[in-house]
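Colleague: Here the structure of chain R is known, so what remains is to put chain L in place on it, guided by the hints.
Chains as they are written, first to last, in my numbering: chain R, 1 to 570; chain L, 571 to 651.
Do not rely on the hints blindly, as some may be mistaken.
Computed, partial: chain R to chain L, Cβ under 10 Å [to be verified]: (1) PHE240; (2) PRO246; (3) GLN273; (4) ARG276; (5) THR487; (6) SER512; (7) THR520; (8) LEU535.
I should point out that these hints are in silico values taken from the structure, not numbers from a laboratory. Note that the structure is a prediction, hence the values are computed from the model and not measured. No residue lacks a Cβ here, since even glycine has one placed at the ideal position from N, Cα and C.
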Amino acid sequence: MKTFVHALLKQYDVNPQSKALHLLLDQKPDKSITYSDLIHGSAGYTAALKNAGIQAGEVVILILQHSEALVYAFFGSILQGAIPAIMPFLTEKLSPEQYRRSLMALFEITAPAAIITYPEFLGEVHQAIKPGSSVRVVLDCSQINPQSEFTNSSFDNGLNRSPQDIALLQHSSGTTGLQKGVALSHQAIFNQLESYSRALSLNLSDVVVSWLPLYHDMGLIAGFILPILSNVPLILLSPFDWVRAPHKLLHGVTKYRGTLSWLPNFAYNFCAQKIRQRDLEGIDLFTWRAVSNCSEPMYWKSHQMFLDRFQPYGLQSSALTTCYAMAENVFAVSQGGINEPVTIDSISQRGLLVDRIARPSINGEDQITMLSAGHPIDDTRIRILDQYHNDVPERHLGEVAISSNCMLTSYYNRPDLSTIAFQDGWYLTGDMGYLAKDEVYVTGRKKDLIIVGGKNIYPQDLEYLASEVQGVHPGRVVAFGIPNEATGTEDVVIIAEMDLIKNDFDGLDFESSPEYSRVTDEIRMRVTRGSDIALRYVRLVNRGWLLKTSSGKVARSANRERYLAELKAG
Amino acid sequence: MNSEITQILSTYIASQILRQPQRVILPDEPLLSNGLVDSFSLVDLSLFIEKTFNVYIDNTELNRETFDTLTQLADIIQSRK
Numbered sequence: 001m002k003t004f005v006h007a008l009l010k011q012y013d014v015n016p017q018s019k020a021l022h023l024l025l026d027q028k029p030d031k032s033i034t035y036s037d038l039i040h041g042s043a044g045y046t047a048a049l050k051n052a053g054i055q056a057g058e059v060v061i062l063i064l065q066h067s068e069a070l071v072y073a074f075f076g077s078i079l080q081g082a083i084p085a086i087m088p089f090l091t092e093k094l095s096p097e098q099y100r101r102s103l104m105a106l107f108e109i110t111a112p113a114a115i116i117t118y119p120e121f122l123g124e125v126h127q128a129i130k131p132g133s134s135v136r137v138v139l140d141c142s143q144i145n146p147q148s149e150f151t152n153s154s155f156d157n158g159l160n161r162s163p164q165d166i167a168l169l170q171h172s173s174g175t176t177g178l179q180k181g182v183a184l185s186h187q188a189i190f191n192q193l194e195s196y197s198r199a200l201s202l203n204l205s206d207v208v209v210s211w212l213p214l215y216h217d218m219g220l221i222a223g224f225i226l227p228i229l230s231n232v233p234l235i236l237l238s239p240f241d242w243v244r245a246p247h248k249l250l251h252g253v254t255k256y257r258g259t260l261s262w263l264p265n266f267a268y269n270f271c272a273q274k275i276r277q278r279d280l281e282g283i284d285l286f287t288w289r290a291v292s293n294c295s296e297p298m299y300w301k302s303h304q305m306f307l308d309r310f311q312p313y314g315l316q317s318s319a320l321t322t323c324y325a326m327a328e329n330v331f332a333v334s335q336g337g338i339n340e341p342v343t344i345d346s347i348s349q350r351g352l353l354v355d356r357i358a359r360p361s362i363n364g365e366d367q368i369t370m371l372s373a374g375h376p377i378d379d380t381r382i383r384i385l386d387q388y389h390n391d392v393p394e395r396h397l398g399e400v401a402i403s404s405n406c407m408l409t410s411y412y413n414r415p416d417l418s419t420i421a422f423q424d425g426w427y428l429t430g431d432m433g434y435l436a437k438d439e440v441y442v443t444g445r446k447k448d449l450i451i452v453g454g455k456n457i458y459p460q461d462l463e464y465l466a467s468e469v470q471g472v473h474p475g476r477v478v479a480f481g482i483p484n485e486a487t488g489t490e491d492v493v494i495i496a497e498m499d500l501i502k503n504d505f506d507g508l509d510f511e512s513s514p515e516y517s518r519v520t521d522e523i524r525m526r527v528t529r530g531s532d533i534a535l536r537y538v539r540l541v542n543r544g545w546l547l548k549t550s551s552g553k554v555a556r557s558a559n560r561e562r563y564l565a566e567l568k569a570g
Numbered sequence: 571m572n573s574e575i576t577q578i579l580s581t582y583i584a585s586q587i588l589r590q591p592q593r594v595i596l597p598d599e600p601l602l603s604n605g606l607v608d609s610f611s612l613v614d615l616s617l618f619i620e621k622t623f624n625v626y627i628d629n630t631e632l633n634r635e636t637f638d639t640l641t642q643l644a645d646i647i648q649s650r651k
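Okay, chain R solo, but in the shape it has when bound (with noise of 0.2 Å):
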């Protein structure tokens, strides 16, 4: 197979009436849609993209609702030969000032040639648009419609790519994130298919289940294009409706006999939790055969309590996997319990702390239970290196550094990144982790970031928006993730350094103090409102509370380590 052309074009002469996915929507009944209702959708948007004049090979950002729209206007792009980039959508939380920035960033970046939106965004995009932008054109998805005739020569500009040419782009989340377009070929994409489907065992009588949002890897690949491609058809809902009824989930492997599903590690949690007896009435899930847990920390506890609370609806435990994944190998790197059971591996947490080792604990040493993330895709390969970039024996911590044949092309108009990732042709993940009987274990993060239900969080992004509110000094914040067990996933903390000292407020209790309210609240607001992440602490110290390095930078993890030490103290 060529490229996507080819392969979509395939399953509609092959299959034109066979279901390519369903969506489910909130208090509607669910919309099918056949290869053939694709083809003819997504040729609306092809159609709309050439009389634009919009040529192959150029970017067309989608700012579109989880819905039919995007899913036609991603293919129509792909049909024209051009490169979508699914963007997420400003949601009420969000400031529409701080968005529009983020907008601004990325059109200088990826320089656009098309925007794709909903009517009520069409202002908002324009005004993200300078003088002299490459944005030539702002479509609105409701003045598009599907297209009864085609011919094949619709779709030159795209059955012209070559399996080189950059297919799509995948942006990482916040301000910081979007300036680094992760650019995939045709042809590593269709690697990563070919790899990952042996590796699932991916057969006809899948069926594949999704709230995943499209412009995270692991919903864009797992959750999209794996299935659409291979004619495994796709139960597609959306993250909002998701979080708020995350039985819903459940209602859709039931209804559609739901065989693969790819979750963050929080959703265990969340779905184990959160979801009340009387929605589960009717649940059968007896045909999930894989549930891969994936883009964050993976805890045991959270597939037991999974397990515990779901076996009564026909879970099997094996039906618990594990998948370790990136953008920059497209998606999977690896994937573990498809035919045996995920591997556990009980080791000390004071060897993998102090010493660096995962070993066995000694003389009664606290244990960790790790996952193993399973074994590397077929033409994947996996070193663990320590700082000087030599390979480490097995069982000892590193960074993982990985190799295949489906890497990205580059970090899109940015060669200045695509340089440092490199290591003599390997690719440095900044994920910590061991190897043990070649299978993978990760560990941590060797960079800052900070993972909450799966979304990437640059700490940087966060300490900016807490540093503008008036009361904090400038400059001294610090934002980490600290994990939680109960909930699955990281709590995002913040801690401001004050103008005012605590003797300010002599004869006060600082903590209860309107002062220390009015901080804390204005950071939480502009923190959510400028990157849709709620802090779950914030906490405002004195000057000179806050750890620095040598360059006079406040240092996140040394300030982590001190914070968690207090917490611990009482």
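Modeller: Structure of chain L alone, referenced to chain R:
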């Protein structure tokens, strides 16, 4: 009656969601649009309300369209009793 409900909700949100027990939430303070309560906490909030006030609240019922303040939330609870 409503003030009793808002009091209970204020204590719950301050201690369980914000983790700032001393914080007092005013009856007309915006909760969702100011980022005090996020979408993940909405499910917790509806579970808490069902248990505490013995009323029926569906998952999807609590959102920006239905309430943003404790007073509005108390009205919903009151109307279900």
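Colleague: Compare the structure with each hint and give your call.
Modeller: Structure-based check of each hint:
1. With 10 Å as the threshold, the beta carbon of PHE240/R comes within range of chain L, its nearest partner Cβ sitting at about 8 Å, so the hint holds.
2. Annotation: interface hint on PRO246/R holds; nearest CB of chain L at approximately 7 Å, less than 10 Å.
3. The criterion of a C-beta within 10 Å of any C-beta in chain L is met by GLN273/R, whose closest approach is roughly 9 Å, and the hint holds.
4. Checking ARG276/R against chain L by beta carbon gives a least distance of about 7 Å; that is within 10 Å, so the hint holds.
5. Hint status for THR487/R: holds, given a least beta-carbon distance of 8 Å to chain L, under 10 Å.
6. For the restraint placing SER512/R at the interface with chain L, the shortest Cβ-Cβ distance is roughly 5 Å, inside the 10 Å limit, so the hint holds.
7. For THR520/R, the shortest C-beta to C-beta distance to chain L is roughly 7 Å, which falls under 10 Å, so the interface hint holds.
8. For LEU535/R, the interface hint holds, the least distance from its beta-carbon to any beta-carbon of chain L being 8 Å, beneath 10 Å.
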